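Letter by letter, the chains look like this.
There are 2 protein chains.
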Amino acid sequence: MLDIILKHRSIRRYKSEDIDDEILNTILSAGTRASTTGNMQVYSMVVTRDEDIKKQLWECHFKQDMVLKAPVHITFCADFNRFNKWCLQRQAIPGYDNYLSFFTAAIDALLVSQNVCLAAEEKGLGICYLGTATYNARRIIDILRLPSGVVPVAAVVLGYPDEEPGLTDRLPLEGVVHYDRYDDYTKEDIDRIYADKEALDQTRELLEINKKDTLAQIFTDNRYKREDNIHFSREFLDVIKEQGFMNNE
Amino acid sequence: MLDIILKHRSIRRYKSEDIDDEILNTILSAGTRASTTGNMQVYSMVVTRDEDIKKQLWECHFKQDMVLKAPVHITFCADFNRFNKWCLQRQAIPGYDNYLSFFTAAIDALLVSQNVCLAAEEKGLGICYLGTATYNARRIIDILRLPSGVVPVAAVVLGYPDEEPGLTDRLPLEGVVHYDRYDDYTKEDIDRIYADKEALDQTRELLEINKKDTLAQIFTDNRYKREDNIHFSREFLDVIKEQGFMNNE
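Chains as they are written, first to last, in our numbering: chain A, 12 to 260; chain B, 12 to 260.
If you are wondering where the hints come from, they were derived from the structure by calculation, not from laboratory data.
Please note: incorrect hints may appear among the correct ones.
Copies of the same chain look alike in the list, so a pair counts if it works inside one copy or between any two.
To be verified - Okay, derived cross-link-like pairs now, SDA-like style, lysine to any residue, Cα gap no bigger than 20 Å in a straight line:
hint	residue 1	residue 2
1	Lys252	Ile241
2	Lys26	Glu174
3	Lys74	Arg24
4	Lys252	His242
5	Lys134	Leu17
6	Lys134	His19
7	Lys198	Glu185
8	Lys134	Leu13
9	Lys252	Arg150
10	Lys134	Met12
As the structure is a prediction and not an experimental result, all values here were calculated from the model.
Using the sequences and the hints, build the whole thing.
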């Protein structure tokens, strides 16, 4: 288990080999064992293999090659639709059309997704999270025909790896852990925590390619820009509302 | 790995035995290997062992006994504070004070939390998620002194189990998985998917104790009520805003 967790790397190149149904079922079943709030299990997994639908998803994920190449694409959704239908069929009046319910369901979906990814890696598969599921949630809803009460919160591609990338760098443990209470970072803390990352050859290459003075500028000016974040913030909040999760009065 | 995932159950009774620092570090390090958006690692783990602080957290978590009994409490936080400080020290202007950034950081924190829980279980520890971290986020922020840019999204207690509960029931795989697109549930689907759960002895006992006709009513009328959900929805959205994540204009 620990070895699987510790050797995780995102895989972006896949063999064309498909994933056996039995293996896929084992992986999905592993997902269902994650903790869920009150055992409500308010999530769904949409497993997409159809080439045409995958092509549409590929466009939502900014045409990242791996979406077409990997045999399986799973969309993890916050899902109160099933639970609400059950309530209505059982003389119970559901009160889950609000933001807390959305967030609760999103937690369920995300814990499930991590179980699925780790089980997949144990089975020799590679995985890659697509951070873009929330960016173009509305289009994903259209493509996958997600009803009211369902919002995509993460997407993952799975398949047999056709590359062996090294481990990705991480901040030192002291950089992400606090004891008892949050101990806010001093200027010196920040310098120390980011020192190794900034000293990587890879960082130097990125600075040259992007003609930037600091790695942080590559994030703020190129990769995760304020104007994009604002645009997608509005879009995602609209989607949460459209899918029926903003009745907070 | 798979066996660890498949035998997960939430533990609510703990031995007083503490967790060795080396084991704890191994578990926390396992957390850091989870996928994070753009490798920004915008999360923090606050590890609380201090009895007095734990007692304050216990109140936030509706005085659930296990918060006092388990030796370790970890609060998983969406955290752009560290990243923002780094940007500002590196002549970069962060644009991460919006909802998308909050949600991105929450995903990081939640994937990390699941890695931590599975690594803990592999080390013979028991864990239990506290769904209440989002309910009383503002008080947790006060207790743990979380600065702007930091929001708690999940909390977990860890310790050596003093009980051996059976596996919790789950809906059948067909109930939570869709193929290619979302195949919305018919009335018959709902009846079939929930049949086993409704037939459990445990369900019958709950109906008797709560004097209800259906299990769904126990959720809607007792456990997760509309008025509570609405109250905590507003609170949590206010907290997200107060912590600096709602500048979407």
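Taking the hints in turn, this is what the structure says about them:
1. Taking identical chains as interchangeable, the C-alpha atoms of Lys252 and Ile241 lie at most 20 Å apart whether they share a chain (17 Å) or sit on different chains (14 Å).
2. In the homo-oligomer, the alpha carbons of Lys26 and Glu174 lie at most 20 Å apart inside one protomer (9 Å), although the nearest pairing across protomers, at 45 Å, exceeds that limit.
3. With identical chains, the CA atoms of Lys74 and Arg24 are at most 20 Å apart within one copy only, with a shortest distance of 14 Å there and 48 Å across copies.
4. Taking identical chains as interchangeable, the C-alpha atoms of Lys252 and His242 lie at most 20 Å apart whether they share a chain (16 Å) or sit on different chains (17 Å).
5. Within a single copy, Lys134 and Leu17 get their C-alpha atoms as close as 15 Å, and across copies as close as 14 Å, so both meet the 20 Å cut-off.
6. In this assembly of identical chains, the alpha carbons of Lys134 and His19 lie at most 20 Å apart whether taken from the same copy (13 Å) or from different copies (19 Å).
7. For the identical chains of this complex, Lys198 and Glu185 are intra-copy neighbours only, at 15 Å inside a copy versus 52 Å across copies, given an alpha-carbon limit of 20 Å.
8. In this assembly of identical chains, Lys134 and Leu13 lie within 20 Å of each other by CA distance both inside one copy and across copies; the values are 14 Å within and 9 Å between.
9. In this assembly of identical chains, Lys252 and Arg150 lie within 20 Å of each other by CA distance solely inside one copy; the values are 15 Å within and 27 Å between copies.
10. Taking the closest pair of Cα atoms, Lys134 and Met12 come within 20 Å of each other both inside a single copy (12 Å) and across two copies (10 Å).
The structure shown violates none of the earlier numbered hints.
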